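Residue numbers (my numbering), protein chains in the order written: chain A, 1 to 348; chain B, 1001 to 1252.
Treat each hint with caution, since some may be false.
[Unchecked claim] Looking from chain B toward chain A, a few residues come up when the C-beta cut is under 10 Å (computed): (1) Ser1021; (2) Ala1074; (3) Gln1137.
[Claimed, not checked] Take a look, some chain A residues computed to stay more than 10 Å from chain B by CB distance: (4) Asp37; (5) Gln39; (6) Pro53; (7) Thr65; (8) Leu122; (9) Tyr192; (10) Leu222; (11) Phe225; (12) Ile229; (13) Pro243; (14) Leu246; (15) Ile253; (16) Gly285.
[As the list claims (entries may be wrong)] Pair by pair, the computed Cβ-Cβ distance ranges are: (17) B:Lys1014 with A:Leu161: 49 to 59 Å; (18) A:Val165 with B:Glu1124: 31 to 41 Å; (19) A:Leu24 with B:Met1058: 39 to 49 Å.
Don't read these hints as lab results, they were simulated from the structure.
A quick note: this is a predicted structure, and the numbers were derived from the prediction, not measured.
Every residue gets a Cβ at the ideal spot worked out from N, C-alpha and C, and that includes glycine.
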Amino acid sequence: MSDTTKKAPLARRALFPLLLGLLLITILYSVTIGRYDLQVRDVALILWDNISPSQAPSWTKLEETVVELVRLPRVLAAVLIGFGLAVSGGALQGLFRNPLVDPGIIGVTAGAGFGGTLAILLGIHGYMLLAIAFCFGIGSVVLVKFLASVRGRTSILTLVLAGVVISAFFSAAISIAKLLADPFQKLPAITYWLMGSIASTHYGDVLLLAIAVIPATILIFLLRFQINILSLGEEKARALGTPVVLVQWLILIATAMISAGIVAISGIIGWVGLVMPHVARAFVGADHSRMLPVAGIIGAIYLLLVDNLARTVTTAEIPLGIITALIGVPVFAIILRRMHSKGGWSND
Amino acid sequence: MIEVRDLHVRRGDKTIIDGCSFAVHSSGVLVILGANGVGKTTLLNTMIGVLKPSRGHMEIGGKIGFVPQLFEVAFSYSVMDIALMGRVRHIGLFGSPGTRDFAVVRRFLALLGIEDLENRVFNELSGGQRQMVMIAQALSSECDILILDEPCAALDYRNQKVVIDVLRSLSRDHGITIVFTTHVPQHAVEIASHVLLMNSTVSYLSGTAETVLSESNLSALYKVPIGRAQFAGSDKFTYAPLFHHGEVRHEP
């Protein structure tokens, strides 16, 4: 890439470090938000203390607890969720060569949502809930891929339709589970979990998120050039010499890992994976080697801001999925209209 | 060098190609003519290895670069992004283009005279320019054989000439074997060393351009009378359809 960067305008070269800096500031700022008042400087010092311990701390033990045990895990979770959703959305849009695709489209979100609902219904909590949501998420993708494959080949159109079918099935299953749930205890738990919240995140959740998100995003990033080629279409990719089926599987599994992990921790948070890649493309163009990392960082910043909004606007927290939908839908409508006026995109 | 003998290709239960044979020597130009739906694209897809023949002998002496029919991409890739994709066989599954890949692509963009387009958005180019970018993409794979699916379709006369001139130069000056399909017999007259006529899924005629291109063969191929027309004051000629409408054109 050294050759392109030489010619790239200064703004584009500076963008990545700029975004990283912005992310860091947003993280520090997000930790200050809450009922216990803190300053960005204090937060920075408290966190820096872990790397180079200070002899004379200027903060109280309580402040340290608030930062490190209460707020930081939640902030880290938001970063991982925003990053993962944006990267998996970007990869799927390339794979399906359709800029309006979202992790929800391949059925994984609804599958993982049902898994979590089932767990709550059966009175299962904690890691078992996460594991069940995770398994249903991966399972639904395998099911979608199986439904969409005819004689060993998968057409993108049938894959999307299979995703719609499987999503509809699991949505219906979630409704049945809600009907069966005890309306005073389990129904509210299911409903709030599905709407998405990271209010009570602890380091165990962050670890699980990291296990789901980090290796999968690394895999997606390694396949960045192959995603470029697949976005021309399967036939053309095959003619160019890409191992189409292998790359499709790797990306589907990686995005399923990310989505299932995120749904398991925070419920269904829509629209981030759809919108962030568009923002990234506007900055750095369509090439996935540049677009994916930028989309990831913008997604992380975006979800941090959304989470800050969720816990400050009202005394009761607003579920994240509601805010991302409220922001995402109008943005999506604008993108759709702009694409329409440009003559749309080819989806043969 | 390409040699195909008694090729059979099936798609599901349907036989698309039934006993097709032809050959072209290295740095030759094979032009494939045939009506719509006769299996031209299937034949090309078999040659590039996307489809498997059910039986027959196919010998292809060299690496193939393929130029599909003109299309738009879903995202706003730059010309460089698109051309670099031709390098995929030289880049590992987890790799991305390096300095050498950029150099190879720039060499071919310059060869085709489109180095100025490098940073332009592919979808915003004219059809002729996009066709040249796709040829650059195929050449960037460092192929010996270039296979093109209707490279002149949807192009105006000037851009048809540009593409035909480029193909001629690639074969003559760079020793690349060219295979392409077209609906315009003139393209074959201009640059073909060999011609394959695909009359139906069972009837094929192939050979050198001089032996195969004739009024009677082309008339049988297109099922309309085709005449040979000499350009006045030149030794050049073309084949064109003679349409009989049974009545004279309305005069204003």
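Violated hints, by number in ascending order, as checked against the structure: 1, 10, 11, 12, 13, 14, 16, 17 and 19
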